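Chemist: Can you make the complete structure from the sequences, with help from the hints?
In the working numbering, the protein residues as written are 222 to 624.
What the hints contain is simulated information worked out from the structure, not anything from laboratory work.
Please note that the accuracy of each hint is not assured.
[Said to hold, decoys possible] Below, computed lysine-lysine pairings styled on DSS-like, alpha-carbon distance capped at 27 Å: (1) Lys-365 x Lys-233; (2) Lys-363 x Lys-256; (3) Lys-363 x Lys-585; (4) Lys-321 x Lys-365; (5) Lys-585 x Lys-320; (6) Lys-318 x Lys-365; (7) Lys-585 x Lys-571; (8) Lys-546 x Lys-482; (9) Lys-318 x Lys-256; (10) Lys-256 x Lys-233; (11) Lys-320 x Lys-295; (12) Lys-389 x Lys-256; (13) Lys-294 x Lys-233; (14) Lys-556 x Lys-524; (15) Lys-363 x Lys-556; (16) Lys-571 x Lys-556; (17) Lys-320 x Lys-482; (18) Lys-571 x Lys-318; (19) Lys-524 x Lys-482; (20) Lys-546 x Lys-524; (21) Lys-318 x Lys-295; (22) Lys-585 x Lys-318; (23) Lys-327 x Lys-260; (24) Lys-320 x Lys-233; (25) Lys-233 x Lys-321; (26) Lys-546 x Lys-585; (27) Lys-320 x Lys-256; (28) Lys-365 x Lys-571; (29) Lys-327 x Lys-363; (30) Lys-585 x Lys-365; (31) Lys-321 x Lys-260; (32) Lys-294 x Lys-256; (33) Lys-321 x Lys-294; (34) Lys-320 x Lys-365; (35) Lys-233 x Lys-318; (36) Lys-585 x Lys-556.
Remember, predicted model here, so these are calculated numbers, not experimental data.
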Amino acid sequence: MAVAMVQFLMEKFMDALEEEDSSAVPFHALFQGIKEDLKVTMRSSVPLGTADLLRDSLYDLNDILIECRTLSKKHTDLKQRKRVRLSSMSSLWFLYKAKKRLQAIKHSIQPRNHGAVDQNYSSGSLNGDMEFDRWTWRSVDKSKVYGLDDQLNAIERMLLEEDSGGFKGIGVVGMGGVGKTVLAQMVFNSQPVRRRFFPRLWVCMSQTAKRGRDVRREMLERMLMALGVEEEAITSISEAGAESGGLAELMFALHLQLMNKRYLIVFDDVWNIDEWYEGLMSSGLPDEGGWAGHLRLDRVLPKDCGGSVIVTSRLEEVAVKMVGKENMCRIEPDKDGECCWNIFMDSVTKGGLAGDQPTLRSMKTEIVDRCGGLPLAAKTIGEILRGSLSPAENSEPENELHP
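Modeler: Structure, rendered in C-alpha cells:
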C-alpha cells in the first residue's frame, strides 16, 4: 500500500512539474533536481521503511509545489515593480522556508541516504536508525554576537567558582529566538570552560527521535558513543537487560563513564519533560542491582566530582524542574533594537553586499520593529534580504520572486 501511494504521489508531482507555467515557479531547478533523484530511487525496489519516508516526503513536496505555483501566479502581474519592498516580507519569508524544506526533501530522497547515518562520531550506524543532529553544535563567532556578554560572564563564574567538587545545574531561559542556544554554545566553547571540564557533551532535545525509538535509550547510547565506547559494546550492553529493555544497563554504563570526571552536559532546547528528566540536582544512587527500579536521568549523573549541566528552554518551569531555580539565567529581548540591527547587518552583508545601500537605511526602523527584539529574527530577515538585494550573486535564479 505504501509503495503504491509513493508511485501515485510521484506521478502527481511529475505531471504538475510538466505543466506549461511550471518554469516560472520559484525553485524550478531544485524541483527538477528532486525529480531526477526520484527517478533514480524508483528504478530499484523500494523497501517498506524507505517507502514510508518517500511517501511523507512526496506529500510535502506536492504541497510546496502547489504553494509555489499559487504564489507565482499571484505576483505575475507585478513583475515590473520594484524588486525588494518590506511589504513583500511575507513572500520572502515563505521562499526562505520553502527552500529549506526542499533541500531537506532532496537530501532525504537521494538513494545514498536511505538507511545511511552521518559519520560525525562513529563509523558504525547503531542499526542505521538514529539521528546525529541531536549531538552536534556550532562554533560561534563571538564578534557577531551582541548583547550577551553579561550573561556569558555570569554563567562562566557559576561554572568556574570552586565549591569542593559539588554538582551544578544552570538554566538558560527566554522566548524562542532570543539567543539561548547561542549563549550556551559560547559557554560550551569558551577556553576557561574547555580547560576546566572534560568530557563535554551536547544534547539537542528539540530533535525528534526516529519513529518508534525510545528517546531515553537513544540519548544514553549516543552519549556513550560520544564518550568513545565502541558500538558493539553499546549494543551488547543494551541487549543485556530484559527487565528494563536495556535502559538500566545503559544508565549504569554511562554512570561509570562519567565517574570521577568533571563533565559538562548541555541539554539544549528542552520543551517538555517527564519523570525521566526531572530533579537532576537530587543525589543518591540505587542500591546495587537496583537500577531497573530507578529509571531517572539524575541517577546517571555523578554528583561528587564537579560535574555540571546546562539546560536551555523557552519554558522556565521546565528548566526549574530539571535544575532548580537557584542558578537561572534569563535572556530578555533586545529593548532598543541596536543589537538586532547589528545582527541584521552582519547577516545581510555576509556575502559581500555593501551595507550602506539607501534601501537598507530606509528600512531600518521597520526591520527593527519586525524583529521584536529577537536576534534570530534579525538574522533570518538579513538572510532573506541578502538574496533579494544581490541577484547577481544568487546561484539559483529561480529563487527570485518579483513581488
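Chemist: Which earlier hints can't be squared with this structure?
Modeler: Violated hints: 1, 2, 12, 14, 17, 26, 29; rest satisfied.
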